[in-house]
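Note that the protein sequences, when read in sequence, are chains G and A.
For the first sequence, the positions run 11 to 469 when the working numbering is used.
For the second sequence, the positions run 779 to 1237 when the working numbering is used.
Quick caveat, the hints were computed from the structure, so don't treat them as lab data.
Wrong hints could be hidden among the right ones.
Stated by the list, open to error - Which residues of chain A face chain G? A partial, calculated answer using Cβ under 10 Å: (1) P898; (2) E905; (3) M917; (4) T924; (5) Q927; (6) R930; (7) L941; (8) P1034; (9) P1037; (10) P1205.
To be verified - A few chain A residues that don't get close to chain G, going by computed Cβ distances all over 10 Å: (11) D839; (12) E900; (13) P915; (14) T1059.
Note that the structure is a prediction, hence the values are computed from the model and not measured.
Quick reminder that beta carbons are idealized off the backbone N, C-alpha and C, glycines included.
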Amino acid sequence: MTSLLTSSPRVITVGAGLLDEALRAQAVPTAPVAWRPPLPGTAEALATVLADPRRQAANELAVGRLTSARPHLVGVRRASELLGADTFLHAGPPITWERASGPMRGALIGAMLLEGRAADEHEAADRLAAGAVVLRPCHEHGAVGPMAGVVSPSMWLFEVRDDEHGGTAYCSLNEGLGKVLRYGAYGPEVLDRLRWMDRVLGPALAATLERTGPIDLRSLIAQALQMGDELHNRNRAATSLLLRELAPAVVEAAPGAAAGVLRFVNGNDHFFLNLGMAAAKAATDAARDVPGSSLVVAMARNGTDFGVQVSGLGGRWFTGPAGVPDGLYLGSYGPQDANPDIGDSTITETSGLGGFAMAASPAIVRFVGGEVADAVRATRSMYEITLAEHPVYQIPGLGFRGTPVGIDVTLVARTGLLPVVNTGIAGRIAGTGQVGAGLVEPPAEAFTSALLALAEAHK
Amino acid sequence: MTGLPQAVLVRRGAYHDSVTLMRVSRALSELPGVEAAMVAMATDLNVSILREMGFGVPETDPGDLLIAVRAKDPDAAAEEAERRLTEVDRPGTGSDEQPPLTTRSAAARGPADLVLVSTPGEYAFFEALDAIEAGLPVMIFSDGVTVAQERRLKELAEARDVLVMGPDCGTAAIGGAGLGFANVLTPGPVGVVSASGTGAQQVTCLLDRAGAGVSHVLGVGGRDLSAEVGGLSAARALRMLDEDPATELIVLVSKPPAPEVARAVLGQRLRTPVVPVLLGTPALAQAGGLAPAGDLTQAAEQALRALGRPVPEWPSWPAPPGTRPAPKRIRGLYSGGTLGTEAALVAGQGDFVDYGDDAYTRGRAHPMIDPTLRAEALARAGERDVVLMDVVLGHGADPDPAASLAPAVAGTPATVVIALIGTEGDPQDLHRQAAAFREAGAAVFTSNAQAARHARSLV
């Protein structure tokens, strides 16, 4: 401890610029903090939560579990094995039909038609309004769903197991782009594709995985990051790597369907997205339920609300209104056509990918609003609100620095910096489908109300 | 008040530190055509000052920024204020590098030896906690930290084996680096542990004057020796100096301590002799061997004698002859709490105000930097008053206190006695400052105790 007194100190300064200047006037090296007051109304809760003697160890444990998870794709299963016949899953925090947005309603209608529970969209809507099925968040069933995230019993799910901590996570199979159920479209071409996936793709992939055995997603994601994906809005590299792993076994396991299956996967750059989400869900679930931890373990949107869950607070959701993304639009669509933010795909950001790994993905920076320098800046800023750098997910352009991982609600409140989220944009009106993609800012109140609850729980 | 038009702008949640705001205010006031200007956070004190200045202030939160100008063209002046604020808004070089937003982030970036916290007090706990969790010693310049938070920080620091200086630690000198308000001191054999910033400055300036020099000054905060805090930092600082080869003798300076705490701290087994100066508790039994000093000047003299060095005359400059009526009472206008306490004890009468107290520094710069409140008090003093005040020099303090205070001294009808605390090496030029105050009509002393005795002799 006396080493402090043996030489001139290097000083971190935080607060009044004058005192930093006074040190520099004496030729003392300083590192000034660009300090700002915390988000309004959070000071007292911050003092309580930061003083919690459990916090530091709890956060180390939680983020350590998150980054040490080793998710493997182990199988493909029908949702009916996990779900009751009358339960549909959806993205985001809990939502009712009454409060559901256009794309969420569209996807639910599509699922009713797919399941044969209604003859047309009007009947489907009436039955949904009457409570014919129970709506539950994917997250509460170990699952995640992109965009509307609707899962009905006949759909197939990827099954991902965390080899390190033993958890299991599920995600639906990606349908491709354009008019698709997850963006709220439910026309004949949407249902035809879903039926083909149900009849051909699902069984072929299930048989394939029995041959390949578990596929290491952690390693695959790490490689894809080095090939220009950020694993949310760009999955081209990861999809290609997956296809290499699967192709021979697909041919052996389902010779009749192989060409169609491989063509379908190859034709959809986002095929890996759903697997990446399940991998992220497996990892973030490993970090759940550590008493005293202020780590965010889920961020998710249902098209109406943006919700977060925190490790030390169990399954409680903390929500704020979902924002409308800022981005590029397809064809003649514009901001007036956009629905507020929707989907569980923010699980990628929660696990240190997506917007957090944007610097790894120069190919898409224009798509998400800017120059390469903006992407680098976005990733760099996220280190300010995260607890760790991912030991395996690395960014070549930042000198192979690990991606920022483990959002801490106390750091969000202290810096006022909100997570950077890359996202697709769904059409506002049920049945439209995708209208664009871009960036979205989460509502600060989701994080501040989680912080207030942590403080309350500590009292 | 004049007929010039005025403007009051509110910027919601726009934070700037009080020193920056004071500088912008000052620069604005000096512009041609500007009669009055104040740019400040909307704290209760600042709002009431603005109202006294004749400005109509709308409803605001303390987190809002107020820009108030009375000028020929108030809008242009307000624009100029905004321009100057954006100029200072971005620390660093404006490159793409993400500046650290928290102490945690700064500490993770590279080697550092010490953290200096000077945020507004209600947030200082967060940054200090980051420092301790990173294993770094911390100096908390901020006041307004609760006793419970101070206790928690110091207990954590015990576990991490690091020193916490403060809160409300105004000065320190480590390895030749002056921190906070810091006089330029010649290196030498005396180490200082101080539960009082200006007390340490008085003692070290006198030691410097006598050619003895100083090894380190470790401030511990004015409450460290209270029963609630238990002297944890003072005990650690004494042990650190005891192990320091450059320190031959230690002076322990404190405002009135809890006697049992002072006894325990001084009862530690140390090889290095300790001269305690515990203001207001002269009868405290002495475990360390050397007799306690009654005031700060005596403490410096005892230290000199213990080192076998001569005690010089402490420089003073008598007031120029005048024909004012004999003063009847003493008004103490202090920027240093301990200096004020000492002066009140020595003078034995009068009204003393500590302008460095929390009540006056919330959202305002410290009176050692911002002369406004004391200049106003001088203007309010009567012709039968003797005003006793300190002027403290050194890094971090007003670069030219005489420039603003000497005119106020010249303008007051009261008799003025000044304790000028500084060294030959200080950037403000001790002799020039003394001459300016003397020319303005004040008697100037380098010993606060002598200044107080002189004031007492006048009434």
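Now for the hints, and whether the structure bears them out:
no., hint, result
1, P898, "holds (7 Å)"
2, E905, "holds (5 Å)"
3, M917, "holds (9 Å)"
4, T924, "holds (8 Å)"
5, Q927, "holds (7 Å)"
6, R930, "holds (6 Å)"
7, L941, "holds (7 Å)"
8, P1034, "violated (28 Å)"
9, P1037, "violated (27 Å)"
10, P1205, "holds (8 Å)"
11, D839, "violated (8 Å)"
12, E900, "violated (5 Å)"
13, P915, "violated (6 Å)"
14, T1059, "holds (28 Å)"
Checked against the numbered hints given earlier, the structure breaks hints 8, 9, 11, 12 and 13 and satisfies all the rest.
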